[in-house]
Amino acid sequence: MVRARGIKSTTAFQVTKVVDQHTCCASNMESNHRQSKKKVLGHFIAEVLAGDYNRVYRGNEIVRDINSKFPINISYQQAWRAKQYALLMLRGTKEDSFTKLPAYLH
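In the numbering used here, the protein residues as written are 1 to 106.
Possibly wrong hints are sitting among the right ones.
The calculated lysine-lysine pairs, modelled on DSS-like cross-linking and capped at a C-alpha distance of 30 Å, are [stated by the list, open to error]:
1) K69 x K37
2) K37 x K94
3) K38 x K69
4) K17 x K39
5) K39 x K94
Simulated from the structure, these hints should not be mistaken for lab results.
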């Protein structure tokens, strides 16, 4: 969601609020819809993985689960990319983890 307001005496506007979270209903997706990209699917996968970080969630399982939950068809490659995005959301980057390491050594 983005909110903006006009600036007086100009044709310009100022963005006042940005909410960087996907709010479209996933049930509105259609087969081979352009929305079914890694970020949208990554949020679904992150919910599945959030409760069990040690779960091995393979690409073919992701494809099967997405196909059964939503009326879309995704490729193995889309599933893999979405999983990588979900893991990045849940775990952060390797660099972020490395910068936290000194705190554990003291």
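Structure-based check of all given hints:
With a CA separation close to 16 Å, the supplied pair K69 and K37 stays within the 30 Å bound. Distance hint between K37 and K94 is fulfilled; the C-alpha atoms sit about 23 Å from each other, no more than 30 Å. About 16 Å separates the Cα atoms of K38 and K69, which keeps this hinted pair within 30 Å; it holds. Taken as a hint, the K17 and K39 pair is honoured in the structure, with Cα atoms around 21 Å apart against an allowance of 30 Å.
Proximity of K39 to K94 is assessed by CA-CA distance (about 19 Å); at most 30 Å being required, the pair is judged to hold.
When the structure is compared with the earlier hints, no violation turns up for any of them.
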